Amino acid sequence: MSEAIAFYVLSGLVLASAWSVVRNENLFHAGLSLILCFVGVAGIYVNLDAPFLGAMQVLIYAGAIAVLLLFGFMLTHDLMNAKQERNQHAAGIFAAVLMALVLIGTIAGAQWYGSSGQPVKFGVESLARRYMQQDLVSFEVVALLLLASLMGAVVIARKEEGSRD
Amino acid sequence: MIGLPHYLILSALLFSLGLYGVLTRRNAIGVLMAVELMFNSVNINLMAFSHYMMDTAGLAFCIFVITVAAAEVTVGVALVLSVYRNRNLIDLDQVAELKG
Amino acid sequence: MDGNYGYIALFLLGGAGFVGFNFSLASFVTRLVQSHRPSRTKGLAYECGEPPSGEAWVQYNVRYYLYAMLFVIFDVEAAYMIPWAAEFRKLLAELGTLVVVEMAGFLAILLLALCYAWRKGALEWT
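Just so you know, the sequences run in chain order A, B and C. Using this note's numbering, the first residue of the first sequence is number 1, and each one after it goes up by one. Using this note's numbering, the first residue of the second sequence is number 1, and each one after it goes up by one. Using this note's numbering, the first residue of the third sequence is number 1, and each one after it goes up by one.
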């Protein structure tokens, strides 16, 4: 019962703040709504018995990625005229509604079977075991991906900074 | 009683909102924000299946998706900054040409 | 879902209620007692008595972005190290020194990233 209440409250929060993210005229406010949306999604993860993933969502998404996006916005705009125009309004609504209808139609029409496996605990233990055994290659590739993205971002962001100031 | 379809419908609605944002925002940073919404909807989807199918694969994949999103945002914002500094543009429609 | 998370929801509600109550009370009381006589000098930004010069919002330097980016990269690293560290004893007993070698490889690659950023001067402010 409490799970159902938490689900409805959190989905209301997530969808309302997501609506604000895509619709808000002031992009800085949209970024702040994005943080609220990430926190709501973290609550959804906790509701799904994955508190570690919820913590990581708050730490990485709300704490780092949203802040990086706000930094990017502040570096390219002055906040006093943060008003945004938009284009392709009708086409955007059409595509989004079509997408939602197709997805929800598929979900509603499908036959969902109950779980058949053993109940598992979504703690950090299963995750650590996966990293060290099953997903070892992905684990090391992630380090390479982070290295590559850091190199790329440093090269792109620092290029000809000297000529600028 | 909340079941798998509830979470899937939430994720579908979030994905559609993100799609709408990607299509209608003109500011590059706004498009990146909408892309983050779509990443989150995918994560909810993975975690819901992981929970109801009793399999930890979805949890591990969620962490990988978060990592890829972080890498994407660092490079994406760096690209936006670079375009802004070189051409003083932030509107994606005006950046459509590749000629330097 | 464990019952303990109800307390977190309670905390959130309590915090939001505290802020909302005090904010609305303060704005209500202010409206009762204030006199409203704005002038141009009063509306200026307060800069320690000096007349303000320039805009309040300046464009931020790109160096802030480099720091934020480094933070994101090493923040993500935590998502992989926390499960490993939390289960270290159990994994060590089960798999032997292999777990140490695997994490050492992961950290070596990320150390390479830090060295690269250092060499490129992304850590220097000037």
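If you are wondering where the hints come from, they were derived from the structure by calculation, not from laboratory data. One or more hints might be untrue.
[What the hints assert, rightly or not] Stretches of chain C that chain A covers, calculated by requiring three or more beta carbons in the stretch to come under 8 Å of a beta carbon on chain A:
1) 13-22
2) 30-42
3) 66-76
4) 80-88
[Said to hold, decoys possible] Computed beta-carbon distance windows for the label pairs:
5) R86/A x Y67/C: 24 to 34 Å
6) G105/C x E125/A: 16 to 26 Å
7) H6/B x V29/C: 43 to 53 Å
8) H89/A x H6/B: 48 to 58 Å
9) A91/A x L10/C: 20 to 30 Å
All of these numbers come straight from a predicted model, not from anything done at the bench. Don't be surprised by glycine CBs; every beta carbon is placed ideally from N, CA and C.
Notebook entry, point to check: Can you give the numbers of the hints that this structure goes against, from lowest to highest?
Noted result: 1, 2, 8, 9
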